[in-house]
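Asker: Take a look at the letters that make up each chain.
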Amino acid sequence: MDGNIITSILFATVVAGTPLIIVALGELVVEKSGVLNLGAEGMMSVGAIAAFAVTLHSGNLWLGVGAGMLAGVAMALLFAFVALTLLGNQVATGLALSILGVGLAAFIGKPYESEVLQAVPPIRIPFLADIPVIGEALWNQQSLVYFSWILFWAVLWFLFRSRAGLVLRAVGESPSSAHAIGYPVIRIRYLATLFGGAMAGLGGAFLSVFYTPLWVEGMVAGRGWIAVALVVFATWRPLRVLLGAYLFGGVMVSQLFIQGSGLDINMPSQFLSSLPYWATIIVLVMISRNRNLVRLNAPVSLGQPFKPES
Amino acid sequence: MNDAPTARLELRGITKTYPSVVANDRVSLKVMPGEIHAVLGENGAGKSTLMKVIYGVTHPGAGEILWEGERVRIRNPAHARALGIGMVFQHFSLFETLTVVENVALALELSGDLGLLARQIEQVSEKYGLPVDPRRRVHALSVGERQRVEIIRCLLQKPKLLIMDEPTSVLTPGAVQKLFETLRQLAAEGCSILYISHKLDEIQQLCHVATVLRDGRVTGECVPANETPESMARLMIGKALPVPELRPHSPGAPRLQVAGLSRDSDDPFGVELQDIHLDVRAGEIVGIAGVSGNGQKELLLALSGEEPLAERYPIRIDGVEAGRMGPRARRRLGLGFVPEERLGRGAVPSLSLAFNGLLTAHGQGLLRHGLIRFAAMRAFARRCIERFDVRCGGAEAAARSLSGGNLQKFIMGREILQSPGVLIVAQPTWGVDVGAAAFIRQQLIDLAASGTAILVISEELEELFEICDRLMVIAGGRLSPSRRVSETSIEEIGLWMSGLWPGADGQATVERADAAS
Chain X
1 MDGNIITSIL
11 FATVVAGTPL
21 IIVALGELVV
31 EKSGVLNLGA
41 EGMMSVGAIA
51 AFAVTLHSGN
61 LWLGVGAGML
71 AGVAMALLFA
81 FVALTLLGNQ
91 VATGLALSIL
101 GVGLAAFIGK
111 PYESEVLQAV
121 PPIRIPFLAD
131 IPVIGEALWN
141 QQSLVYFSWI
151 LFWAVLWFLF
161 RSRAGLVLRA
171 VGESPSSAHA
181 IGYPVIRIRY
191 LATLFGGAMA
201 GLGGAFLSVF
211 YTPLWVEGMV
221 AGRGWIAVAL
231 VVFATWRPLR
241 VLLGAYLFGG
251 VMVSQLFIQG
261 SGLDINMPSQ
271 FLSSLPYWAT
281 IIVLVMISRN
291 RNLVRLNAPV
301 SLGQPFKPES
Chain H
1001 MNDAPTARLE
1011 LRGITKTYPS
1021 VVANDRVSLK
1031 VMPGEIHAVL
1041 GENGAGKSTL
1051 MKVIYGVTHP
1061 GAGEILWEGE
1071 RVRIRNPAHA
1081 RALGIGMVFQ
1091 HFSLFETLTV
1101 VENVALALEL
1111 SGDLGLLARQ
1121 IEQVSEKYGL
1131 PVDPRRRVHA
1141 LSVGERQRVE
1151 IIRCLLQKPK
1161 LLIMDEPTSV
1171 LTPGAVQKLF
1181 ETLRQLAAEG
1191 CSILYISHKL
1201 DEIQQLCHVA
1211 TVLRDGRVTG
1221 ECVPANETPE
1231 SMARLMIGKA
1241 LPVPELRPHS
1251 PGAPRLQVAG
1261 LSRDSDDPFG
1271 VELQDIHLDV
1281 RAGEIVGIAG
1291 VSGNGQKELL
1301 LALSGEEPLA
1311 ERYPIRIDGV
1321 EAGRMGPRAR
1331 RRLGLGFVPE
1341 ERLGRGAVPS
1351 LSLAFNGLLT
1361 AHGQGLLRHG
1371 LIRFAAMRAF
1381 ARRCIERFDV
1391 RCGGAEAAAR
1401 SLSGGNLQKF
1411 IMGREILQSP
1421 GVLIVAQPTW
1431 GVDVGAAAFI
1441 RQQLIDLAAS
1451 GTAILVISEE
1461 LEELFEICDR
1471 LMVIAGGRLS
1481 PSRRVSETSI
1491 EEIGLWMSGL
1501 WPGADGQATV
1511 ERADAAS
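Protein sequence lines correspond, in order, to chains X and H. As numbered in our numbering, the first sequence has no gaps in its residue numbers, which increase by one up to the final residue, 310. As numbered in our numbering, the second sequence has no gaps in its residue numbers, which increase by one up to the final residue, 1517.
These are computed hints drawn from the structure, not numbers from a lab. Do not rely on the hints blindly, as some may be mistaken.
[What the hints assert, rightly or not] Ranges between beta-carbon positions, derived for each pair:
#1 L1359/H to K307/X: 26 to 32 Å
#2 L95/X to P1033/H: 56 to 62 Å
#3 R1332/H to A164/X: 53 to 59 Å
#4 K307/X to R1073/H: 53 to 59 Å
#5 A1259/H to W153/X: 54 to 60 Å
[Stated by the list, open to error] Straight-line distance between alpha carbons at most 35 Å, and here's what the computed DSBU-like set of lysine-lysine pairs gives:
#6 K1297/H to K307/X
#7 K1178/H to K1199/H
#8 K307/X to K1030/H
From the three backbone atoms N, C-alpha and C, an ideal C-beta is built for every residue, glycine too.
Just chain H, same shape as in the assembly (with noise of 0.2 Å):
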């Protein structure tokens, strides 16, 4: 035998197929101890089903797993925990209305006393820099704060391997570098890290090695402090990433204006918007950053009219004040709007294309005397499906059978084909692999040119710094004011997304620095 150190995971030929999709196809990686090693790859190229597969959640259909050397057939989670597999998952696996003590309490295969563990949680807390208290709930904690949370449970089983996937897409700026400092600590002492992710340069920061997925294979590995952003990419989507045309304008009058907006939310787990005033001007396009939870989804609701205001003036939409109208009058003024969930708000999964097209295009002399005209819906979802690219079993295909990004890229075109005076879109890209997400930006860009105001909310800052031309940040349901993108950076919306921006309101800003740090 040789001398070299054995691999603390070695993955041999793992291959796990779906019933419509080869998920991972003869995937083999090797994760040394205490190495940080990335898995990078677009959304669907297979990563989380290889986590799945490492962690015991999913069983392969062939390939060999070596665990320290020998071979393993990992039967579940828990199975997986014994070995000393730690997993930080990317949807949050918490369990909201129960406390911090007792949602590790359940992860942990121990009985005993909650105050003794919660002590046990303190210290680790203390030790890696996760400030968390142990005897609040869930529901009452910011993302960063159940990320600890999930983190800390791990780490109180003394894992050898953490695996942690697509973490620092909930985080702050600031929160990311504190993140990276715990992981690295965590690697010094000897514990290896899978890191997964999409966002090149935190594995060129963070990760010592980088394997690269691609449709479920692996097409290279690398040393990410070797390679450039763009090599990477390459490896990732197979060509160049593309970089979106700007168009020179100069914006016009005010088409959508909110002023003095402040609601109570009647959901327990909700946020209270407090006097949000914004501008969005003919052929502008302005970005609302912020991490979620922290007004978004509230003031979503409020813009586009599913809850509408009790008073009429603090929404002016091309100056009709429009608070008490529902959605559709408003769109009948010329608003259109994507909302962040695709399946159920976005569009019906059960209907057709055809039908979602219908269901906001209706206005598009889709009917007439109140009934469909068939050929008219048909030819209008064509025609958007055709220009957006969307790859689709046609205008009759159900919603539900379209990806993500696919999705995305109609209900997108469904509103842009409308004209839209002012456009509303949370989270344009979100899960939408890299190709199709720069489209929708161009588009973005392409509709701003023609008139259009375009309010973008969105967690991703390198997205709204590509395409806006002003950019706000929303924390505990305030808004900051406005920056033109080219006199800010990342650093100073970073900052204000913990809630710290000139002539904030001291007492919230506290809060959400702690939150955020």
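In isolation and in its complexed conformation, chain X is listed as follows (with noise of 0.2 Å):
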């Protein structure tokens, strides 16, 4: 019984991590290059109603994820066209991208109000499933969640191991100095940026299809822009990335645990939703105080617009 509980305290504890890993992976390589993309919460909430739509129309749910990549794609195209070409502020442009992705979705989706897509059953992968309480929890799970974990050592392969990730981090360390080598920094700004929009897109389409599958208006619910804090809280690190995920996923596990169980607990139930959001910014604040992390692990020119000289 008590097995049990745990099993499904971290089951859900897994699920609820996964789309910020997936969000905040991409965003953290699109920052690596020196591009801010606030507009993380915008380009899920497309890629949320887009897999969806695709989804109930098609009846493929890999069309469907297909569709929330693509998505998330045109939009980060949107703002790399706008802070990379155009040079506008990127702050701003991510701000404009997240308000315009929000309304977006939930114009398109206005058709879709409550309806219901049929549940996805999880993957079991055999022998390490029958862990007893993780093996349930880890190994009996739903395909992204694995591939969130394929993404997080690619991720860690690419940045450090590999050569283009090593351009990139150079790109997002001294874009000068990366272009008087010869590198093509707009290029491989865009690059970034644009897989970043597919990871969104793809976090989005999680929410929408496999986490509940089901459209509900505002369904992100502010985690894209947990994302993108979780990105700078945890100094540019993936591993970092990904603990403060599942610190987050626990909190809001644990919460809907308390509010479900029946407890006499004199708190407004808004109270507790709030939880995971504080206590993943908190504790990451905490662990970002030091400095001198910050300052080897930020990419230097993060969110300044470069112009090649002609």
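Join these two chains into a complex; the hints should help.
Answerer: Quick look at the structure:
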């Protein structure tokens, strides 16, 4: 009985953390290239509704997931054009993208309000899933949960082991030096931004197709913002992003269990619902106070427009 | 055709125009294989633009480039490197948070094993006497080491032409000689070198041929060995080098006293100040030499009050303990301060000169009941502009519209007009052309003669020897004892810049000496 509760909390935590991991790792790659895209919330929202609508009409959830990613890429392209080609202010552009995306998703989603998709069955990994307590929680999961772990290793490897990742970090630190050596700074930043868009779209798709397979306006509920905050407070390091995302998921799930347990606690439910946001930010602020870590890991040129000298 | 050997690089009539200025006007020059060719000129003469054209960073509006006898259009730096052109930048193009080997890997278009590359780096560094550890992160390296990384990075590409942009501005005199040996060795192997500088003595020592630029035009070509510094200076600035006029004076009572100033840096790339002692007397100019990044920035922050100390006693201005005071309180005690960065700290780029004057000179009757007296403010700025010969569009011109030298004259003027009791100046003539630099030095000498105590922190040894009464050296956050200028030499101070002064702490000494060698 006790083991079951732990298993279900762990299971739910992993699921709740997954969209954050996917979106935040995408954003981390974007920021490492020196681009600050605050539009994650908007890209997620549009990705969520695109994935939901396509899945509903086609009946094929992978078509839907693809549509969600494409929608995220399209939003990111809009951002990249304004911020990288027209050299618009990245903060303002990102904020506008968030507002636009949330509104656009609500508009497109009007006809789908309260529609429901079929739940996607989890994929059970033989043997691993038989481990007591954690097996069922970790190895009987949605495909995208496994994907988020692969993505984590892939991002780690890309950024710190591959040559392309080295170039990306170099562009983020000093675009003018990278340009002087002869790297196509703008193109690299475009690619990173589009990758971030695809991941945000995927995160949105996970919410609307896998996590809660139905459409409700505003269902992204600030997760895009948390993802952006995670990247900064995790001092741009993938492992901390992963842990921060699960922290958020854990508190989120725990407070739901408390609300659902019928325990008589004298507290407004809104306060409990806000707990995961509080907890994540407070913990991350506390661990990101080390200035050395921030200076060694922060992309120096973050948010600064770059115009190659002709 | 003729039998003359083909030039490695030939420029014909290169012209590059920017919206407001012609940076290069029909520049032609020829570099032979194995030749060390100087490009001599003042700041703003168009040297850097010319190098950017050769390296493909920017494209000329007119003219042609011949590489080993063939016309080429150099599209971008990658193309330049493919041709065999390497460049060592004046402001390093290294990535601070990456390691040496990662930095090198970025510049070489080869993928693969960083371990192998690290060994190649070690080989090259041994062959050319450029010691550097490939596994260290760049931010932990001294400026001299960073330059070595840049040079090694170029050498690994086996260049046929190496461009060096003001390479010695960050080196100790000893390190300069080491660099020259490396360059001579390279030239002997057939590599051509384009050596950009405004330092006449270095060019005489090192270069086979010199092309002199002034206002974007070639004003002469010469063999430096056959010239005198005076004759080259005339080509470079159009007139003889001005010599400062020293005034006899005897120092009075100490006005700035620093005793036992120590402080940790909370910047991970910063330097810890250790037990700094110094005195500057009325009428005296004291210089602090040193390679940048050895604690100058931290010392300036502590002296100006931008980062006040925890205790009062280590800093005294005219006898008043000022350690815990902020910049405003210290200014009220008669401290004047000219920071190294003109735009951003010395002046607000977007504000007019009048407002920039007000920023520190508000105590000169420019305020009444906390409100600005606009007429007085403009009059102050005009007085400053007139007396210090600031070339600008008047008191309403924005600070950023001025050239570096003119803005520096304005900032110096603003402080000098307030007749400070103590004046602290960082890099008084950095990036300032020779004429304006001479003027600024003369102003400092005159100010000292009127009883002000002046502390100058500079990386230009010649400048310090020219104007100072006493010299000290900062290395690794420690300050050397002081020497009268008449009783020391550039060689001795150069040695001290590596941390090797009598009684210096052994451990720091070894590390610094290694960094500078």
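Asker: So which of the earlier hints does this model not fit?
Answerer: Those not satisfied come down to hint 4.
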